[in-house]
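Asker: Each chain, letter by letter, is given below.
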Amino acid sequence: MGEKVQVATTWLQSCSGCHISLLDLHEELLDVLDLIEIVYSPLMDIKEIPRVTVGLVEGAVANDYNEEVLREMREQSDILVAFGTCACFGGIPGMRNLHLLQDVLARAYVETESTVDGIIPESPEIPALKQHVHAISDIVKVDYMIPGCPPPPQMIKNAIVALVNGEEIVLPTKNLCNDCKRKHDSMLIPKRAFLTEAVQSAPELDKIDRDKCFLEQGVMCMGPATRTGCGSRCLDANMPCRGCMGPTPDALEQGAKIVNALASILPAGGLMFNEDVVGTGYRYSLPVSIYPHRADDLEEEVNEEENEGDEQ
Amino acid sequence: MSIGLCLCKCNRTISDVVNIDALFDWYREQGIDVMGCDELCSADCQNELLNNIRENEWSGIVIGACSPKHYETTKNQSAILQLIADAGINPNKIAFANLREQLALPNSGDGVLEKAKCLIDVAISKIEHSADVLVEEIPPRRSALIIGASISGVFAALRLADAGYKVHIVDKGEIGDFSEYITPEELAKIDVSLTCAMTPSFAGIKMHPNVVMYPETTLTDVYGRVGDYTVQLEGGEILKVGGIIVCVRDAELTSKLRPILHIDIDSEGYFRPKNPAFVVETRDPGKYLAVGDDVRSDILAADSAVLSLTSILDKNEINHIIEVSEVDEDVCGGCGTCVKTCMFHATSIDLARNVSVTDATRCVGCGNCVVACPTGARDLVRYPNSYMIDAIRILGGFKTSGASPKVLAMLCDGSGYPAADRAGLMGLTYPTGVLPLRVSCAGRVDTQFILYAFKVGFDGVFIGECPEGACHNIVGNTDLARRANLFRAVLRSRAIDTDRLRIEEISPLEGDLFVEAINEFVDELRGD
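If you read the protein sequences in the order shown, they are chains A and B. Read in our numbering, the first sequence has 282 at position 282, and its numbers run on one by one without any break. Read in our numbering, the second sequence has 1514 at position 514, and its numbers run on one by one without any break.
Hints may be right or wrong, so weigh each one.
[What the hints assert, rightly or not] Result set (DSS-like, lysine-lysine): computed pairs, CA atoms no more than 27 Å apart in a straight line: (1) LYS1256/B <-> LYS1189/B; (2) LYS191/A <-> LYS181/A; (3) LYS1166/B <-> LYS1240/B; (4) LYS212/A <-> LYS183/A; (5) LYS130/A <-> LYS1455/B; (6) LYS181/A <-> LYS207/A; (7) LYS191/A <-> LYS1256/B; (8) LYS181/A <-> LYS141/A; (9) LYS1455/B <-> LYS141/A; (10) LYS1240/B <-> LYS191/A; (11) LYS1240/B <-> LYS1172/B; (12) LYS47/A <-> LYS141/A; (13) LYS1172/B <-> LYS191/A; (14) LYS1172/B <-> LYS1256/B; (15) LYS4/A <-> LYS130/A.
Honestly, the hints are just simulated from the structure, not real lab data.
Produce the complete structure using the sequences and hints provided.
Answerer: The structure is reproduced here in structure tokens:
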């Protein structure tokens, strides 16, 4: 065995779940550590990012500090990998783009039920929140993506092994239905009729047939509009897909695509009543959607133009 | 790829409003071959165009002239499309900029030249983003199906049978009882000799060796293309025919036949021709209507339909443009959404490979499955996704003057687009900031396009679609309505006023209603 590949990891706006998923390799982590040396990571007390071959970035860009760290990681990494859905698509933190920044701050620091005489902090010590949350590809050039919330441990391992061997990270391109083991009958009958008369909400999970397509039972499932590769863990646990792997490569975005599809298969009235259409369609990918923030949220445009100059 | 641009002055109708010389210079500077002509519908200009195509070896041609509808629905103009194809240009590389009906006639003043450039750029984009379509040659079947043993049905059957065609005549009732098709009052009005001609006619088809009769029979399925249709009768019997003549005028029966035959209907619920001047032609060149207002016109219509049909079926070969929805098998995961969406039973899942496949003999190219496909694996040969997005980007670059709103008008091929053409021909006007984009069907309007239109700066999105029950593709407008109902929540979440999306039902001849609706929309957007 030659010299180990130098790897740096960091997390921006995220929950650290992708790093935990890496640790979830358990004993197999030792195989990975035979190939790589992690020289910088949030779990280590090292101040400066050294020059590395591979940089893994978890998390979205939500404040100025995130952006600074991201740019430094890009600078120091030969290969920069968006590690997990927040980095790839903005993820859960990206849902903040549905609100104006001042409303978010007011909610967090003033309006929460337990707050008394709250004030919105203003200090140069605290990194300023950006107007919008961004996927890291909005800010810097990204070489590869490992999507998933979090990406399954095996997927992370395979990606690292590929890079160590000088290969590309190849993601599957089909949707989750391709790997779904549930029975799939009504969807294949060429008949113009909704699959069900009513739409059930996910909390009624105990009533759901474990072996039958969720949509055919009237349960909202994002599988059709979601890239496969997750190993269908949720489906196996009788939980419908929530779309964390993001859109397939041919779709412009996940939210509009699932709206287009559902309109011909489930009764729209039931969906509007039972489901948060926006939250369902854009839960993980709002910052990379066609219209990634509110129309009345204009201040950012100046900043975005500044950023464009730095993109490659 | 070298693209030619042919700019027609339309005998000054276009050139009086649009500065054609400026367009010439602009596109020459872009390295595009430009030719001009006074009237592209004249033989001289058409010859010049064909010579230019051959000499310059253009692989694509943009025709900046009158509405493409003229080229597609009238006999004299559609001939030139065939000649252009014969000169070596794939049918998918012929694109139109509608500079007459949708620019010079309804618009004037500032912005007209810039809008002309936008429309031409969109046409260039269509050529650049469209792959060649396959053109297949098939020998036509010399047989026909007559639907309805009415007076015209019986005469059409006789004519065809005498010409050597195998004729199948289907009627939901008895064959030979024409009291159902003609009232005693009407009978009393006509010449006795004509009356006498009819009873023997029924006998004539019954006795004719080339005629097979199916009384008290209904159709359960019809699919295929001119020259080769498959017809399934109640009970399962299958007929193979080259063409179909529809001879019923009964609104109830029409509504039953419509989802099987896919022929457009008018506002009264009767089958309608593709062009009011050509009363027997439908938009499917193998299906004809033979229905008159009285016995005489019934017989004339039967003769006209038979002549039209045999002029095609007598050919040795018929060209078919394979205009289907395509599947990216690397992305399709076999979910079946397209199967559920397609009204024409043209999509199915190949279970062995778990990918969706398209039956080219059933697909009508409406694009509803392309929109419904949650992965984006499906795409439409004639209106690809990448073209639609690029077209919206180009039109979004148009600068309106002052506070005038910018509206993307996505107009369906069946109604919205011809209604806008009609408005121009009626001399009606609307603001230049209304930018038309032709779509195959309201069912082709992807909600992604609507979001993208707002992203590139449109103040409003107007969709002109067929009235309820009259969609070319049966369910395109209802599917758009379902999608829009869910999609409005997406607009609200982005703080985009849902009133900025307007969906309007318009019949193809209602140019006045189109202008009324679009002007009202523009006024609302302006805040009047």
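Asker: Compare the structure with each hint and give your call.
Answerer: Okay, the hints, checked on the actual structure:
1. LYS1256/B <-> LYS1189/B: violated, 32 Å
2. LYS191/A <-> LYS181/A: holds, 23 Å
3. LYS1166/B <-> LYS1240/B: Distance of about 10 Å is within 27 Å: holds.
4. LYS212/A <-> LYS183/A: holds, 5 Å
5. LYS130/A <-> LYS1455/B: Holds, at about 20 Å.
6. LYS181/A <-> LYS207/A: Holds, at roughly 19 Å.
7. LYS191/A <-> LYS1256/B: It holds: about 16 Å lies between the C-alpha atoms, which stays within 27 Å.
8. LYS181/A <-> LYS141/A: violated, 37 Å
9. LYS1455/B <-> LYS141/A: Status holds; Cα separation ~23 Å.
10. LYS1240/B <-> LYS191/A: holds, 24 Å
11. LYS1240/B <-> LYS1172/B: Judged against 27 Å, a Cα distance of about 19 Å means the pair holds.
12. LYS47/A <-> LYS141/A: holds, 24 Å
13. LYS1172/B <-> LYS191/A: holds, 25 Å
14. LYS1172/B <-> LYS1256/B: holds, 11 Å
15. LYS4/A <-> LYS130/A: Roughly 37 Å separates the two Cα atoms, so the pair is violated.
In summary, the structure is inconsistent with hints 1, 8 and 15 from the numbered list given earlier, while agreeing with the others.
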